[in-house]
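A.B. asks: Residue numbers (the working numbering), protein chains in the order written: chain A, 22 to 192; chain B, 22 to 192.
Hints in this document: simulated from the structure, not taken from any laboratory.
Hints are not guaranteed to be accurate.
As a list, the in silico EDC-like pairs of lysine to aspartate or glutamate whose alpha-carbon atoms are at most 16 Å apart [to be verified]:
#1 B/K118 x A/E159
#2 B/K118 x B/E136
#3 A/K35 x A/D129
#4 A/K57 x A/D41
#5 A/K35 x A/E53
#6 B/K175 x A/E50
#7 B/K175 x B/D140
#8 A/K118 x B/E159
#9 A/K118 x A/D140
#10 A/K175 x B/E50
#11 B/K35 x B/D129
#12 A/K35 x A/E60
It should be emphasised that the depicted structure is a prediction, and the values quoted were computed from it without experimental measurement.
Number of protein chains: 2
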Amino acid sequence: MDIGWEVMTEQGSKSPLFADRLSVEQVEEGHELAPKFDERGLIPVVTTAYASGELLMHGYMNAEALARTIESGEAWYYSRSRQALWHKGATSGLVQKVREMRIDDDQDCVWLRVEVVGDASCHVGYRSCFYRSLPVGETAGQRPVQLQFEEREKTFDPVEVYGDAPNPTQL
Amino acid sequence: MDIGWEVMTEQGSKSPLFADRLSVEQVEEGHELAPKFDERGLIPVVTTAYASGELLMHGYMNAEALARTIESGEAWYYSRSRQALWHKGATSGLVQKVREMRIDDDQDCVWLRVEVVGDASCHVGYRSCFYRSLPVGETAGQRPVQLQFEEREKTFDPVEVYGDAPNPTQL
Chain A
22 MDIGWEVMTE
32 QGSKSPLFAD
42 RLSVEQVEEG
52 HELAPKFDER
62 GLIPVVTTAY
72 ASGELLMHGY
82 MNAEALARTI
92 ESGEAWYYSR
102 SRQALWHKGA
112 TSGLVQKVRE
122 MRIDDDQDCV
132 WLRVEVVGDA
142 SCHVGYRSCF
152 YRSLPVGETA
162 GQRPVQLQFE
172 EREKTFDPVE
182 VYGDAPNPTQ
192 L
Chain B
22 MDIGWEVMTE
32 QGSKSPLFAD
42 RLSVEQVEEG
52 HELAPKFDER
62 GLIPVVTTAY
72 ASGELLMHGY
82 MNAEALARTI
92 ESGEAWYYSR
102 SRQALWHKGA
112 TSGLVQKVRE
122 MRIDDDQDCV
132 WLRVEVVGDA
142 SCHVGYRSCF
152 YRSLPVGETA
162 GQRPVQLQFE
172 EREKTFDPVE
182 VYGDAPNPTQ
192 L
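Taking the hints into account, I'd like the entire structure generated from these sequences.
C.D. replies: In structure tokens:
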């Protein structure tokens, strides 16, 4: 895919976009982006809908996906199942335009607030990946716990959109 | 700490609350809670404010924390830095009451929508852990990327609340 702009990252977690992590004070109270990648080279990403605040998905970025997201303003992830950089929407058209991007206190998690072309983010066809709720407290009486569907209908037909691409869900 | 209710979990990821993961269809389209724990025995958790939708924190649960959250209606996590089960608010008083709990398509991530006693969730003292934003696209010109504070003032003084407890942030 021709991404149309210069990729600033090197392999690994080094990039001119990122500062080295030197102290707790710098990381928590400072102004420099100094992300922490885990032992797999990944940082978790929480993606919510800009308008509604709904949680759409939870994914991961490697250093290159993070740099591409910052530079392009569109969400890039790292697919653990495919072990590949992943421009969200490249197959489905459901591109996520980043309206706001935040990082947490210890800089080991990214928050994207996005607008989604097509208003869907889940490979199963729902608007949000989190289309089922769990009972908590006294109502959680059944064993195993029984889930309730919170979205009644799928937003799109995954077979039409993804064809016979392998399902990323792993058991 | 006396938790006042029966702990249903065994060690590991087995619990009468959880079904075994048998097929992609069961996991994605079924009604049984069949969570996937990673190679560390953990599942990531996204916690948002029930009223505002704001992302408060990103953490992890082991099987016992997940079971305790379901049964108590208060958020329990697993602290990777302290390597211990963690009843959020036990030290700070900032207990998270779970108003809604969801799970994602492949059941490897939990979403908690909570009300927080004291309206703060971040150990640094801010309301949300995600108190800094990043510029994206053409505005992201500086190297390294410069963060902007989105919360002007801390909600509480962490020294007063946590005393000399070790800071969980790791470099």
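A.B. asks: Hint by hint, which ones does this structure get wrong, listed from lowest number up?
C.D. replies: none
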